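When you get a sec, could you build the whole thing from the sequences and use the hints?
Residue numbers (the working numbering), protein chains in the order written: chain E, 1 to 657; chain S, 1 to 657; chain G, 1 to 657.
Derived from the structure by calculation, the hints contain no laboratory data.
All values reported here derive from a predicted model rather than from experimental measurement.
Among the hints, a few may not be true.
As the list claims (entries may be wrong) - Cross-link-like lysine to aspartate or glutamate pairs, in silico, EDC-like; alpha carbons within 20 Å at most:
{"hint": "1", "chain 1": "S", "residue 1": "Lys45", "chain 2": "E", "residue 2": "Glu191"}
{"hint": "2", "chain 1": "G", "residue 1": "Lys41", "chain 2": "S", "residue 2": "Glu176"}
{"hint": "3", "chain 1": "S", "residue 1": "Lys45", "chain 2": "E", "residue 2": "Glu176"}
{"hint": "4", "chain 1": "S", "residue 1": "Lys611", "chain 2": "S", "residue 2": "Glu347"}
{"hint": "5", "chain 1": "E", "residue 1": "Lys45", "chain 2": "G", "residue 2": "Glu191"}
{"hint": "6", "chain 1": "E", "residue 1": "Lys45", "chain 2": "G", "residue 2": "Glu176"}
{"hint": "7", "chain 1": "E", "residue 1": "Lys41", "chain 2": "G", "residue 2": "Glu176"}
{"hint": "8", "chain 1": "G", "residue 1": "Lys45", "chain 2": "S", "residue 2": "Glu347"}
{"hint": "9", "chain 1": "S", "residue 1": "Lys307", "chain 2": "S", "residue 2": "Glu347"}
{"hint": "10", "chain 1": "E", "residue 1": "Lys41", "chain 2": "E", "residue 2": "Glu59"}
{"hint": "11", "chain 1": "S", "residue 1": "Lys41", "chain 2": "E", "residue 2": "Glu176"}
{"hint": "12", "chain 1": "G", "residue 1": "Lys611", "chain 2": "G", "residue 2": "Glu638"}
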Amino acid sequence: MQLGVCYYPEQWPQAMWADDARRMHAMGIRIVRIAEFAWSKLEPKPGQYDWAWLDEAIETLAGAGLQIVLGTPTAAPPRWLLDQHPDMLALDAHGHPKGFGSRRHYCFSNEAFHAASRSIVEAMARRYGQHPAVIAWQTDNEYGCHDTVLSYSAAAVQGFRRWLAERYGTIAALNEAWGNVFWSMEYSSFEQIGAPVALPTFANPIHSLDYRRFASDEVIRFNRMQAEILRVHSPGRDVLHNFMGFFAEFEHHEMGRDLDVASWDNYPLGFTDMAHFIPDEDRLRWMRTGHPDVSAFNHDLYRGVCKGRWWVMEQQAGPVNWANANPAPLPGMVRTWTWEAFAHGAEVVSYFRWRQVPYAQEQMHSGLHTPDNQIDIGGTEATQVARELARLQPGPAGRARVALVFDYSAKWMHEIQPHGATIDYYSEVFSWYSALRRLGLDIDILPASTTSFAGYALIAVPALSTISETLVERLRASGAQLVFGPRSGAKTARFSVPEGLPPGALKTLLPMRVTRVESLRPGISIPVLAAGRELGSAGTWRDFVEPLGATEVLARFGDGHPAILRHGNARYFAGSFAAALLLDQLEGCAREAGVMVRRVDDGLRLRRRGKLQFAINHGPHSARVPAPAGARFVLGSEVLPAASVAAWEVGPQDEPA
Amino acid sequence: MQLGVCYYPEQWPQAMWADDARRMHAMGIRIVRIAEFAWSKLEPKPGQYDWAWLDEAIETLAGAGLQIVLGTPTAAPPRWLLDQHPDMLALDAHGHPKGFGSRRHYCFSNEAFHAASRSIVEAMARRYGQHPAVIAWQTDNEYGCHDTVLSYSAAAVQGFRRWLAERYGTIAALNEAWGNVFWSMEYSSFEQIGAPVALPTFANPIHSLDYRRFASDEVIRFNRMQAEILRVHSPGRDVLHNFMGFFAEFEHHEMGRDLDVASWDNYPLGFTDMAHFIPDEDRLRWMRTGHPDVSAFNHDLYRGVCKGRWWVMEQQAGPVNWANANPAPLPGMVRTWTWEAFAHGAEVVSYFRWRQVPYAQEQMHSGLHTPDNQIDIGGTEATQVARELARLQPGPAGRARVALVFDYSAKWMHEIQPHGATIDYYSEVFSWYSALRRLGLDIDILPASTTSFAGYALIAVPALSTISETLVERLRASGAQLVFGPRSGAKTARFSVPEGLPPGALKTLLPMRVTRVESLRPGISIPVLAAGRELGSAGTWRDFVEPLGATEVLARFGDGHPAILRHGNARYFAGSFAAALLLDQLEGCAREAGVMVRRVDDGLRLRRRGKLQFAINHGPHSARVPAPAGARFVLGSEVLPAASVAAWEVGPQDEPA
Amino acid sequence: MQLGVCYYPEQWPQAMWADDARRMHAMGIRIVRIAEFAWSKLEPKPGQYDWAWLDEAIETLAGAGLQIVLGTPTAAPPRWLLDQHPDMLALDAHGHPKGFGSRRHYCFSNEAFHAASRSIVEAMARRYGQHPAVIAWQTDNEYGCHDTVLSYSAAAVQGFRRWLAERYGTIAALNEAWGNVFWSMEYSSFEQIGAPVALPTFANPIHSLDYRRFASDEVIRFNRMQAEILRVHSPGRDVLHNFMGFFAEFEHHEMGRDLDVASWDNYPLGFTDMAHFIPDEDRLRWMRTGHPDVSAFNHDLYRGVCKGRWWVMEQQAGPVNWANANPAPLPGMVRTWTWEAFAHGAEVVSYFRWRQVPYAQEQMHSGLHTPDNQIDIGGTEATQVARELARLQPGPAGRARVALVFDYSAKWMHEIQPHGATIDYYSEVFSWYSALRRLGLDIDILPASTTSFAGYALIAVPALSTISETLVERLRASGAQLVFGPRSGAKTARFSVPEGLPPGALKTLLPMRVTRVESLRPGISIPVLAAGRELGSAGTWRDFVEPLGATEVLARFGDGHPAILRHGNARYFAGSFAAALLLDQLEGCAREAGVMVRRVDDGLRLRRRGKLQFAINHGPHSARVPAPAGARFVLGSEVLPAASVAAWEVGPQDEPA
Ligand SMILES: [Zn+2]
Ligand SMILES: [Zn+2]
Ligand SMILES: [Zn+2]
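In structure tokens form, the structure reads like this:
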């Protein structure tokens with residue numbers, strides 16, 4: 001477990017480098033990421049490379065005992081490339097180009113851009129691939145940032161047609177699969193198919209979904225091209241990408257197959273301020289600490305992307321510059337976030353950035369040091385973590401007893417066809433995740449493509465639009481308690497209502513029939529009752545379910561329709577449950593599954609790693625941690641102030657197998 | 001009075017058709033609408049028709065005893081037409097085309113599209129025009145849906161210039177009429193005139209109004225072309241169009257002259273969710289029943305479009321898929337809506353759709369059957385209506401005693417020059433309509449072009465921007481009590497302030513002078529007083545009126561300006577009155593007019609048809625209907641549960657002549 | 001001190017002119033502005049002038065004893081110019097042209113438009129420049145109205161490149177100054193630089209700022225071209241422009257150097273309704289009077305633009321037509337606004353407009369007369385002012401004891417990099433101005449470029465992004481009490497964080513270091529305390545300050561960070577203070593500065609001009625004015641009804657020197 005930092009030697013006088021490197025090492029930092037936006041410095045003119053400065057930077061850093069992550073600079077293509085290929089720009093839905101002057105202006109489908117990227121990546125990999133200090137490569141930077149996955153360029157549309165032709169074979173097959181008989185949308189050739197945007201009204205949802213799948217594949221293709229070059233020229237080094245929190249415009253799990261490590265960029269305050277699915281009152285409440293589940297959700301998600309190997313590549317170290325409001329973290333939070341990441345299993349936490357740069361777009365983005373090179377609060381807290389880490393190296397994170405299934409396609413399907421203006425996938429999934437965390441549980445977030453769920457005691461499946469027979473079999477084989485949320489199995493992979501109605505293939509586990517659904521405006525809530533007692537309420541969404549066979553109805557909505565159904569070890573929640581109801585119901589499932597439930601309040605959260613049980617307090621109050629009497633604390637103590645962390649040793653007997 | 005259904009044989013296996021047809025007839029359905037989106041199936045390649053499937057579908061349906069409404073498929077032009085005529089697409093205000101991939105992507109001014117439409121309509125009319133089962137034709141589908149009346153293509157702008165040249169004769173006359181001396185907007189040729197959009201600031205309002213009139217005329221021209229073909233090749237059949245609720249981008253009354261029947265598509269829950277003029281609290285309150293005046297308003301409007309003949313072509317039969325929230329109707333509402341339509345005089349109520357289609361854009365739009373071909377709630381309720389209808393055929397709707405004047409140009413003028421961001425025509429008109437309905441009155445909604453108002457006892461004229469001398473004479477000749485709302489007569493037909501100030505020609509009836517107006521933010525309300533007593537309040541809009549001649553002031557605003565004026569049998573309300581004040585004041589007018597007032601609460605509404613008095617309860621509570629003692633009920637009874645209907649027999653003596 | 005009126009002879013029959021002119025003079029009006037939108041009447045075809053009507057209009061007006069301000073008509077270029085030069089249109093950020101059909105559709109960078117403007121201005125100036133009745137020229141009309149300063153045409157972008165080349169010399173210097181090493185934004189030629197819009201994410205802030213500076217320079221260049229022509233052909237006449245309230249897209253002070261008089265257009269109700277920085281509750285409260293500081297702010301600002309000479313060129317005389325809500329002014333306000341302008345030192349107050357025009361875009365904009373040529377409320381009140389003025393001519397306004405520094409660049413910098421979605425420059429500056437006015441103070445609003453602050457006792461500097469060493473020296477030299485607001489000195493002129501951190505050069509006055517900042521969502525407030533007592537609170541923005549040297553901390557935020565700092569006679573407020581705290585703190589500063597503080601409540605405001613002390617009551621209640629016992633009132637009396645004005649004589653002894 002190590003600390004790292006993001007550093008931009010090209011942005012500072014060379015005279016500062018050696019001192020920077022020395023102080024990094026002195027602070028306890030061992031890893032430094034560089035070069036990921038430096039294309040114009042590395043290749044100032046087409047084909048003319050300038051390695052001298054990077055050679056020097058690498059030697060300086062390596063000389064100070066630091067290990068290096070090299071970033072490929074493709075997120076910031078230089079201006080001369082645009083002169084050569086004006087068509088390299090991404091286009092919006094109306095065909096407006098996204099201009100030069102920031103970053104990520106490229107279209108993933110532009111082959112000239114691919115070629116130029118290939119050249120710079122190969123040149124860097126050849127030069128530095130075998131350097132002993134270079135331990136890893138980062139491809140590009142935050143794919144999808146600034147809404148850049150989707151482009152509507154001619155190259156993208158042509159690529160889409162080829163992609164469709166490969167997938168469907170004949171245009172007749174596509175017409176059939178898409179249901180183009182509807183509204184006379186039939187095509188006679190793939191060349192007639194355009195992007196599903198700027199139409200008078202809704203596009204055919206499968207048209208939209210296929211475009212998003214295609215766009216996702218384009219990102220993966222671009223990344224794979226880089227990964228393949230790096231593996232040839234830099235054997236033995238980790239290849240990673242720095243994903244973002246809550247960007248889900250491409251299939252992360254699929255890209256994960258081309259990577260060694262899934263790293264991600266953790267800005268808890270920015271995410272809390274901007275995530276649409278966080279209620280405004282929570283946004284204010286957690287403005288200085290981050291919503292207590294915002295980082296953890298992504299930690300648990302990315303741990304599942306590359307077989308458990310993951311880093312935080314960029315860790316917020318002070319105020320950011322890009323949210324609607326940019327408050328300062330509560331003192332202690334930079335340390336707390338760092339420990340939280342380690343508790344969830346991170347190999348590395350790397351701060352963004354060594355020093356705030358006083359110019360250009362990110363001049364208001366803080367770092368470990370102020371622009372005048374004085375250490376800032378985040379720097380001091382990082383130093384403390386480094387000291388603590390030196391005496392404390394927990395083992396691997398291990399597998400949790402509870403899994404939550406997360407699916408990128410489901411998100412896209414919810415966006416394409418929300419069926420209600422305030423409805424989306426993250427709102428549902430995040431509320432389930434939060435409830436499970438309020439129960440004190442460790443959670444693995446897994447893709448729907450997971451091949452084995454063996455070992456899980458409880459598997460939560462909220463809002464998973466498409467459920468294949470294979471998934472049903474794998475879930476059944478797990479023997480776990482299974483809980484499905486509303487809209488699960490609502491669609492086929494071709495974006496239609498399943499034969500025999502939803503939940504489609506899930507019916508073999510949970511015999512039932514969703515005959516109708518409804519979306520509700522905010523402010524509408526429907527009581528959920530059992531045995532005459534009101535258990536809580538639902539809002540936003542409701543399935544009208546007809547139970548079949550031996551399926552029991554455990555609770556009903558106020559108007560008599562089933563709200564909670566059960567068949568064997570599978571349950572179905574037929575509405576979007578309010579937080580309290582969801583918490584109670586999931587607690588019941590967890591207890592039945594035999595996992596240890598420890599309800600925590602406010603900002604307190606638990607996470608075990610190896611032999612250590614961590615408790616993280618996001619505030620706002622101090623909290624008593626649920627440690628057994630006589631527990632041996634290695635961090636903090638039983639009473640935890642806001643913005644701090646405790647850890648105590650646990651044995652294997654503390655968790656029911 | 002009959003029930004119908006919308007059916008799409010092309011979307012289902014042919015093997016299902018016969019059973020579908022048989023079950024339709026068994027349910028009591030007698031009319032089936034087909035083919036209105038099937039262009040690509042009927043003409044798969046340019047000029048190559050495929051009639052076989054439609055021949056078969058028609059024979060199957062007719063063979064089961066069903067009568068057929070054939071839709072012309074021009075709302076969904078096939079993809080090959082776009083290959084031939086890329087310029088057929090409608091363009092938005094910035095010149096962006098509206099792409100292929102949904103429907104209604106065509107520009108009404110594109111002559112190549114006219115020609116292609118003419119060909120398919122003529123081909124269909126020739127083939128099926130004399131078929132004995134074909135009783136009617138529907139032209140296109142929901143003109144104006146998805147905001148498709150206005151296009152800014154080169155053809156549209158050229159058409160606009162020709163339209164202007166015809167209307168104004170010379171460019172000098174246009175400059176004079178438009179007042180183009182203002183801001184140096186003078187033209188020296190019609191060729192210099194563009195669309196009134198994408199300008200630095202407001203266009204000249206008459207420029208905008210003329211563009212909307214032109215666009216309306218283009219829709220009417222397109223429809224007339226179809227109607228003329230159908231009359232030639234399909235004599236004796238009704239020609240109709242399915243209008244929408246609250247789409248008012250073209251002159252429905254004018255189009256009505258080319259039709260035999262005005263049909264419309266009634267989605268009470270969707271309209272309630274989406275209509276901007278319904279307050280949010282009402283939106284929630286009526287989310288499962290529809291606002292109690294939303295369907296009725298359109299019934300009463302469309303009854304006036306084709307000399308009293310009207311249908312509901314598409315009746316909501318379950319949740320829709322297109323509103324911001326899409327709740328399920330309260331059980332009973334599908335039946336109740338159907339009876340409500342009949343109470344208002346509908347000849348036919350036709351449900352949308354026979355069966356929910358599991359794919360493409362409307363896969364979440366319910367029908368009488370679920371996608372797995374099981375009957376749904378709406379289907380069951382339709383069956384009940386059919387049984388009830390069998391024993392109950394009321395006579396024609398007859399003329400009401402109360403008229404409300406509705407004018408498409410007034411709506412456009414309010415939109416072009418609202419003079420206040422929250423102000424619009426529907427808000428005012430709908431609140432007047434609602435108040436009259438709360439008084440238990442039957443209402444005819446009439447165009448300003450109505451030639452005779454004879455027989456009406458009370459005529460309400462809210463917010464009618466332009467009042468011609470002819471209209472004044474016709475209103476005067478009616479002898480009715482007349483009530484004018486704010487902004488009545490505020491503008492000339494050339495969109496200017498009338499000479500001598502508003503209310504223009506209305507002055508001869510109501511001598512007064514509107515010297516000034518004001519718009520007010522939500523939250524501002526101004527008391528209205530008479531004889532020291534506060535009668536209620538006004539908000540949003542106020543006219544400052546100077547009474548002239550013998551005009552009396554019946555009430556004043558808190559600051560002394562006249563609020564209610566009267567001259568002879570004409571009254572003027574000088575502000576946008578809050579609901580309670582409007583209700584009280586219109587009640588006074590109704591009583592003075594000698595019409596029977598029966599205040600109803602909540603969701604209860606009354607409507608007489610022939611010898612039957614209907615009471616419709618939209619809920620949320622059960623209600624006691626105002627039937628005389630001993631009334632003979634043919635539907636329901638004196639106490640009416642929510643979401644239900646009652647009807648009792650009345651004699652002519654029950655209504656004061 | 002005189003009254004004027006805006007008049008459009010071309011919009012009315014010639015037969016009305018003489019009577020209009022006679023009545024103007026009879027009312028007491030002495031100045032009339034004409035012709036500023038009449039290009040198409042003056043030059044109906046390219047190069048063919050029609051002077052006859054204007055000759056006649058001028059003779060008629062002059063003959064009635066009126067003096068004339070002639071407007072150049074360049075704000076409304078005629079349609080034929082667009083035929084000649086289709087590229088004259090301004091383009092939006094996506095390249096969409098702003099079409100013909102309203103006004104201000106031109107691009108300031110289009111040279112063909114410059115040439116055409118030069119011709120019409122020169123032709124007018126030659127013809128009327130020496131006319132004895134012509135006393136002044138107005139250039140164009142409301143530069144910047146309808147957001148028309150920024151254009152993204154090819155000419156604009158080319159001009160920007162030339163502007164940059166002149167400013168930076170070499171592309172290397174630009175890359176260095178802009179920090180283009182960041183994100184590989186380096187250019188190799190000026191020809192590669194585009195407009196900083198339509199990018200995937202933020203542009204480099206200096207890129208944006210330079211584009212706005214360039215655009216401002218283009219406006220100034222266009223105006224200077226006109227001013228130079230006018231000075232040649234119309235010597236001795238004042239050249240002025242009519243600026244707007246709260247339009248700040250170009251450097252008004254810089255343009256002021258080319259003008260003799262700064263006139264502005266005062267629409268207090270429209271500004272109150274539309275200004276984003278006015279809280280909604282105030283918007284409603286002052287809807288009929290205007291926020292009490294809205295006119296005054298601009299009076300005090302424009303007085304500083306042309307060495308003290310300023311007019312109100314257009315004074316609201318009734319409801320306007322362009323705000324979101326357009327209420328009628330409270331009776332008395334037109335008179336009150338007029339006197340308020342005189343109290344602040346106006347030479348002329350000219351009403352908009354003589355008569356409401358019944359057609360085209362402004363048909364709902366009131367004037368002194370209704371469209372049917374009857375005098376309206378505003379006309380009656382203007383007549384009263386004229387009578388009052390006849391017996392009451394106060395001396396010049398003189399210099400105030402309190403200055404507030406306002407800077408256009410600071411506004412742009414706040415917009416380019418607000419660092420918080422709800423944050424902007426006007427919100428901060430206007431709240432400071434309001435607080436100072438609530439203290440009863442007279443205020444001069446001065447540019448940051450002011451060469452001498454001698455004579456001021458108190459200088460307020462809120463949110464001044466860039467503070468140069470020169471400014472620091474000039475402020476120090478003044479000897480005044482100095483109060484700086486948050487973000488003062490936060491940036492260099494090259495839009496970067498100053499070396500050694502903010503407040504940059506201000507450090508020599510106020511030794512301190514802003515190590516971090518934060519923006520806060522609405523609803524968050526942080527207490528400010530001193531000696532254990534809560535003084536008030538701050539929200540929206542906070543600087544984290546480390547005091548250096550002898551700088552004292554006078555108050556702290558709840559978490560201990562300094563909130564108010566002081567060094568010598570300079571104070572720094574480290575947050576966006578809520579109104580009450582700001583009022584108290586500025587009162588302390590004012591008392592220490594030795595200026596006379598008289599707290600006024602609600603809508604009462606004070607302003608001295610020459611020997612007269614004015615009190616203006618914007619309502620809503622009557623108010624007792626703070627006149628000394630026995631004061632001689634020349635207008636009103638001690639108790640002032642809402643919407644009225646009082647003035648009493650004061651001696652020099654009433655103000656502490
Ligand atoms: Zn290329
Ligand atoms: Zn565009
Ligand atoms: Zn064509």
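Evaluation of the provided hints:
At roughly 16 Å between alpha-carbon atoms, lysine 45 (chain S) and glutamate 191 (chain E) fall within 20 Å of each other, so this suggested pair holds. A C-alpha spacing of about 13 Å is found between lysine 41 (chain G) and glutamate 176 (chain S), which places the hinted pair at or below 20 Å, so the restraint holds. Of the supplied pair hints, the one linking lysine 45 (chain S) and glutamate 176 (chain E) holds, its CA atoms being roughly 17 Å apart against a limit of 20 Å. This hinted pair checks out: lysine 611 (chain S) and glutamate 347 (chain S) have alpha carbons roughly 16 Å apart, not beyond 20 Å.
As the CA atoms of lysine 45 (chain E) and glutamate 191 (chain G) are separated by approximately 16 Å, the hinted pair is consistent with the 20 Å bound. Only pairs whose Cα atoms come within 20 Å are accepted, and lysine 45 (chain E) paired with glutamate 176 (chain G) is accepted, the gap being roughly 17 Å. Between lysine 41 (chain E) and glutamate 176 (chain G) the alpha-carbon distance is near 13 Å, which keeps this suggested pair within the 20 Å criterion. Restraint check for lysine 45 (chain G) and glutamate 347 (chain S): not satisfied, since their Cα atoms lie roughly 61 Å apart, outside the 20 Å limit.
Proximity of lysine 307 (chain S) to glutamate 347 (chain S) is assessed by CA-CA distance (about 13 Å); at most 20 Å being required, the pair is judged to hold. Restraint check for lysine 41 (chain E) and glutamate 59 (chain E): the C-alpha separation of about 17 Å stays at or below 20 Å, so the hint holds. For the suggested pair lysine 41 (chain S) and glutamate 176 (chain E), the alpha carbons sit about 13 Å apart, so the restraint of at most 20 Å is met. For a cut-off of 20 Å, the pair hint linking lysine 611 (chain G) to glutamate 638 (chain G) stands: about 17 Å separates their Cα positions.
The structure shown violates just one earlier hint, number 8.
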